[in-house]
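Protein chains in written order, with this note's numbering: chain A, 1 to 265; chain B, 1 to 286.
Hints were generated in silico from the structure; no laboratory data involved.
Some clues are possibly wrong.
List time: in silico SDA-like cross-link candidates among lysine to any residue, alpha-carbon distance up to 25 Å [to be verified]:
1. K23(A) / R121(B)
2. K23(A) / P92(A)
3. K273(B) / M94(A)
4. K23(A) / L59(A)
5. K23(A) / V260(B)
6. K273(B) / K23(A)
7. K273(B) / F150(B)
8. K94(B) / L106(B)
9. K273(B) / T51(A)
10. K273(B) / F136(A)
11. K273(B) / V260(B)
12. K23(A) / Q186(B)
13. K273(B) / D134(A)
14. K94(B) / V82(B)
15. K94(B) / V235(B)
16. K23(A) / R182(B)
17. K273(B) / T179(B)
18. K23(A) / K94(B)
19. K273(B) / R61(A)
20. K23(A) / M94(A)
21. K273(B) / S213(B)
22. K273(B) / S95(A)
23. K94(B) / L105(B)
Chain residues, written in single-letter form:
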Amino acid sequence: MTESVRSDTVMEVRDVSFAYPGKLVLSDVSFTVGRGEFVSLIGPSGCGKSTLMMVLAGLLRPQAGSVLAEGRPVDGPSGDRAMVFQSFALLPWMSALRNVMMGSAYRRNGRSRAHLREEARRYLELVGLPDAQDRFPHQLSGGMQQRVGLARAFAAQSEILLMDEPFAAIDAQNAEILREELRDMVARESRTIVFVTHNMDEALFLSDRVILMGTDPGRIAEEVTIELPQHRGVDTGTPEERLRYGEYRSQIWSHLRREVRRDRD
Amino acid sequence: MTDRVTVIMPDVSPVPEGEVERSRRTHEDLIPTPGFFARWAYILLPAVTMVLILAVWEIYARVKGINPLFFSYPSEIWRGFVTWYQGPLFGDLKTSATEFVVGLLLGAIGIPVGLVIGSVRRLSLALDPLINGLYSTPTLALTPLFVIWFGLGLQSKVAIVTILAFFPLVINTADGVRTVDRQLVQAARSFGAHRIQLYRDVIFPGTLPFIVSGIRLAIGRAIIGVVIGEFIASVDGVGYRIRAAAASFRTAEYLAGVMVLIIFAIALTSLLKVAERRLAPWRTDE
């Protein structure tokens with residue numbers, strides 16, 4: 001939020017291009033993410049947002065360009081970047097607690113299992129599920145499952161959290177509540193977040209900066225720095241802030257409309 | 001035709017404190033508690049079926065008469081079983097059980113083999129025709145060959161059971177690995193899981209239901225292997241006894257052997273169902 005935080009770059013994406021056989025998905029994507037920053041990537045479907053996320057996670061290797069995390073090149077998944085998935089991706093055969101522990105268990109750094117369990121319990125409480133630790137994913141609602149997903153990502157204690165449309169598969173009311181909770185958690189835990197979404201209000205509500213992506217091939221079109229107080233919403237804040245919210249929104253919308261139209265023609 | 005509209009007036013008469021308490025209790029009573037029959041239906045219903053079949057069979061045989069050479073009936077089969085029990089029953093059971101268990105355990109090598117084949121695309125491309133071919137061929141036709149190789153004792157039957165159990169386990173396990181949710185694999189990898197952790201936490205548990213189906217198939221085929229193997233070449237065992245009794249027209253004794261096989265198969269299948277519920281609760285208790 002503050003100027004001093006921005007100065008430190010946590011993640012740097014340099015001219016990344018990615019192609020599946022026969023199709024260029026990402027073309028010369030470059031951007032940086034500062035420490036403690038909340039950056040949203042927004043674009044029409046098919047702009048390669050999710051592919052970009054996989055590249056950032058190290059699950060996909062780009063054909064050209066590089067990704068630097070904390071100054072080191074990313075050459076595979078490492079757990080230094082925790083992920084939250086749209087489909088939750090919880091292990092059905094593990095209790096909520098063990099799912100959360102999974103976030104940290106693969107890189108224990110000498111921490112005992114008991115310690116990890118305690119930490120996992122703490123994060124489940126933080127996401128409002130103190131009583132769900134022994135329940136299995138199929139016994140939880142979608143919203144609750146994603147809370148577990150969030151707890152797992154935060155419990156991994158990694159500086160960078162990658163979230164791929166985490167609230168897209170959750171009903172509207174629960175998604176709204178989860179957004180608020182995510183905002184509060186991020187404020188408390190001070191992590192760096194890269195967030196993929198196609199929901200403008202979600203991006204505006206959460207982000208310090210919104211990166212607009214174009215399609216065919218996926219590329220960075222524009223960046224919008226959102227200067228709004230941390231507690232914000234469509235209908236809160238001073239009249240001037242609401243006005244600014246509206247301006248950001250129409251700026252993003254006109255871009256999205258242009259891209260979707262272009263894609264359709 | 002007249003449209004009649006009935007207006008239901010809300011009951012606004014005040015309810016005294018005690019009444020509220022009582023009405024709440026009445027609502028608790030509305031939750032149905034399953035009765036004795038509902039709770040035990042899963043045991044009672046199949047038991048009733050069995051008893052009915054046996055009773056009809058017995059009565060029909062007694063009233064109409066059955067040529068004991070061609071067929072038999074429950075009480076006569078029981079008598080055949082008792083004769084067998086006084087003779088070589090336990091020796092036969094021991095032989096057959098040993099063949100079954102050892103063969104199945106050796107066939108279980110198919111599980112790790114399937115894990116590897118399912119994980120390595122090129123390997124599965126290379127081996128699929130071979131494995132599917134061998135799975136579909138009536139491997140029992142190889143029995144005489146095994147007898148030549150291994151003789152009349154345990155080994156030849158163990159070899160048949162092993163080869164019969166191996167292929168369904170390989171095929172099911174490999175299929176299971178291929179259907180594991182890729183997103184789960186990505187999640188585990190993104191949190192830094194190494195290969196062994198990935199297999200332990202994601203791929204193996206994800207494949208488990210397929211492995212259990214494989215085991216179910218393998219058990220069925222292993223029983224066939226034991227019986228047919230003993231039909232062809234053996235000196236004892238349940239299959240041998242069945243054939244020997246049939247060959248000398250001791251039909252009741254022969255059917256007693258078949259009954260033992262049926263009971264054995266049902267018991268194992270039920271056991272496996274219980275195991276499945278234990279191993280994969282997320283699939284069954286919805």
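Taking the hints in turn, this is what the structure says about them:
1. K23(A) / R121(B): holds (23 Å)
2. K23(A) / P92(A): Since the Cα atoms of K23(A) and P92(A) sit roughly 34 Å apart, the hinted pair is violated (cutoff 25 Å).
3. K273(B) / M94(A): holds (21 Å)
4. K23(A) / L59(A): holds (18 Å)
5. K23(A) / V260(B): Judged against 25 Å, a Cα distance of about 62 Å means the pair is violated.
6. K273(B) / K23(A): violated (47 Å)
7. K273(B) / F150(B): violated (35 Å)
8. K94(B) / L106(B): Since the Cα atoms of K94(B) and L106(B) sit roughly 18 Å apart, the hinted pair holds (cutoff 25 Å).
9. K273(B) / T51(A): violated (41 Å)
10. K273(B) / F136(A): Roughly 21 Å between the alpha carbons, so the hint for K273(B) and F136(A) holds.
11. K273(B) / V260(B): Answer holds: K273(B) to V260(B) is near 20 Å, not above 25 Å.
12. K23(A) / Q186(B): Given pair K23(A), Q186(B) holds - Cα atoms ~22 Å apart, limit 25 Å.
13. K273(B) / D134(A): holds (24 Å)
14. K94(B) / V82(B): holds (17 Å)
15. K94(B) / V235(B): Roughly 13 Å separates the two Cα atoms, so the pair holds.
16. K23(A) / R182(B): holds (21 Å)
17. K273(B) / T179(B): Holds, because 22 Å separates the two Cα atoms, which is no more than 25 Å.
18. K23(A) / K94(B): Distance ~63 Å between K23(A) and K94(B) Cα, so the pair is violated.
19. K273(B) / R61(A): violated (43 Å)
20. K23(A) / M94(A): violated (37 Å)
21. K273(B) / S213(B): Satisfied, since the Cα-Cα distance of roughly 10 Å is no more than 25 Å.
22. K273(B) / S95(A): holds (22 Å)
23. K94(B) / L105(B): holds (16 Å)
In terms of the numbered hints stated before, the structure departs from hints 2, 5, 6, 7, 9, 18, 19 and 20, listed from lowest to highest.
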